[in-house]
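S.K.: In case you want the letters, here they are:
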Amino acid sequence: MTKSKLISSLLLSFIVLLILGFSNLAEAENKESKQVLEETPFDKVMAVVTHKRCVNCHPAGNAPLQGEDSHLHYFNIQRGPDNQGLAGYTCKTCHTTENNDFSGVPGAPHWGLAPSIMAWQGKTRVEIANQMMNPAKNGGKSPEEILKHLTEDKLVLWAFDPGINSEGIEREKPPIPKEEFIKAVKDWIGNGAVIPNK
Amino acid sequence: MKISFNINGQGQSVDIEDGNTPLLWVVRDILDLKGTKFGCGKAACGACTLHVNNEAVRSCSFPVKFAEGKDIITIEGLGTTENPHPVQQAWTEFVVPQCGYCQPGFMMATAALLNKNKLPTDEDIDNNIINICRCGTYYRMRKAIHRAAEISNSNS
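Top to bottom, those sequences are chains A and B. Quick note on this note's numbering: the first sequence kicks off at 1 and runs consecutively. Quick note on this note's numbering: the second sequence kicks off at 1 and runs consecutively.
Next comes chain B alone, as it looks inside the complex (with noise of 0.2 Å):
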């Protein structure tokens, strides 16, 4: 079956055997997307969090067929590296990652929350960002989703 969407800003069409396939596996490997990671496998840790129609979704359990005619944001569509995404530049300046494996989903969520909420308060960041991180970074990443909402705030 043939699904098509927009992926990063482009028009994409990928032919696929069947509908149900994780969208995960589409953009990595069929699109060679590899930013977004594979983590559980059943939607709990959030490694694969990216954005459909600018809402946060664990693409390793959204069926491709449901991406028809969406807009779809990877870590590698957030920003440039000439232009960063908040959320990217605030990830930098406090040197969020350690292993580096879970951030994409973290930056994608955050970047979600930021949508909807401009100046999420401690309480907002611990119910709203439920990712995993096995090395623990979260001391950092909350001190970078303050930040990148500081940063969102004076951009706009």
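Only chain A is shown next, with the shape it has when bound in the complex (with noise of 0.2 Å):
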């Protein structure tokens, strides 16, 4: 074999390679969103309330997290008697109710953190359901009131539009678009709100 045949035969089995490997890759895409169109609507509505846009607001201690990483919010920022910050400054301090671009600082109506017996973070989904669908630990809210409050309160459905933070980059959103969002509540309460054993 010459040596531009050599060449020419490595050069073209690098192509094939290479060729295989992007259908591998854009199969496994394929099938990670097909696993996601295929989950439960039970599936679906944890999917994004375990999400960080979330959590970062339902924290098991008495700081809100922030961030992709969820670290605790900087400054020694406090839960508060009545979670929205203490006497010297609240959340109103420095959020508002809508995104500021300017800043970098998120902002929705009422912002503020959940109250503790809501805290989210560390749970597993399953433990988590139970808590949002139990009226002692819900704020009394019936089932009806929690599809409302998911599908319809501002600043749970702000986590689907989060804005950018201070160096102008988007945060993340949830895995799942806030139709489909909503459409998975409505249809995992409307059909009696079942939790899974796991």
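There's no promise every hint is true.
To be verified - Which chain A residues face chain B? A few, computed with CB under 7 Å, are given here:
(1) N76
(2) G88
(3) N99
(4) N100
(5) F102
(6) S103
(7) G104
Simulated from the structure, these hints should not be mistaken for laboratory data. The beta carbon of each residue, even a glycine, is placed where N, CA and C say it ideally should be.
Could you use the hints to bring the two separately framed chains together as a complex?
M.R.: Below, the structure written as structure tokens:
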């Protein structure tokens, strides 16, 4: 085999391997999105409520979390007696009712922490679901009220429009679109809010 | 768009193209009240703190459209030379500032705290006064905050 033929066949093999690699990648991506589509309404709801955009304000402790890595909120920000911060500063000191593209500070109506009793951080999705549907732990809400809260509350739905951070980078959104989440909530709660064993 | 509010006790109207413009720009560049400072621009350092309806607000992160109909107080309106606010008296007494740039924000944050907590403890101060001072004047500020509470309580 001449040197040029050897180079040609090596090049050809490389191209074939490259194509195979890309097709496997595309197949894996298809499989992944198909998997999301095939999930039950419960799976879809829980995929959203366990996302950092939700959990950051449902912390286990007395400080909000923030960022894509869910670190403790900078500057020793604390929950306070009414989940709205302390006397000298409240959530409203920095957060308004809408996202602020100048400062990168997120905002939505009644911005604040969920009460401690509604903490989700560190809990399994089954634990969260049981807590969410238990009036003793959800602020006395009926399933219908929970449905309304999840599908209409502007602070909840902020997760799907979380704006940009102070570096101008868009915050990560939950894994499914808002409309799909709303439909999943209605399907799940509308059909008895059945919670699987695990 | 036209936005009207009270600032330091005076009615004021501004005509502004973008209602999302930070209140800080309006206060400094349109109303020429330069006491409120720009620090980080992301509601982190507190140099731009002023009061909106008696609550501390980071004005770099507060769209001017939300100021409509509100009462705003800046460091210029906290007290006067003849009748300084207890926070200003205490700050002077302890010669708190070093470079001074962040101090108006700290003073406004302190005044907002004292509006709700008449006798803050060291822990209250640590938890509530969360502005940043690069000169490190925290030690003198702590003393001044306690003193401001004392003056304020003796006046009332």
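S.K.: Now tell me if each hint is right for this structure.
M.R.: Structure-based check of each hint:
Because the closest C-beta pair between N76 of chain A and chain B is about 6 Å apart, less than 7 Å, the hint holds. The closest approach between the C-beta of G88 of chain A and any C-beta of chain B is roughly 3 Å, which is under the 7 Å cut-off, so the hint is satisfied. Hint status for N99 of chain A relative to chain B: violated, with the closest Cβ pair at about 10 Å, above 7 Å. Given hint, N100 of chain A at the interface with chain B, holds; its Cβ is 5 Å from that chain's nearest Cβ, closer than 7 Å.
This hint holds: F102 of chain A has a C-beta 5 Å from the nearest C-beta of chain B, less than the 7 Å allowed. Against a cut-off of 7 Å between C-beta atoms, the interface hint on S103 of chain A holds, since the closest Cβ of chain B lies about 4 Å away. About 6 Å separates the beta-carbon of G104 of chain A from the nearest beta-carbon of chain B, less than 7 Å, and the hint is met.
Hint 3 from the earlier list is the only one contradicted by this structure; the remaining hints agree with it.
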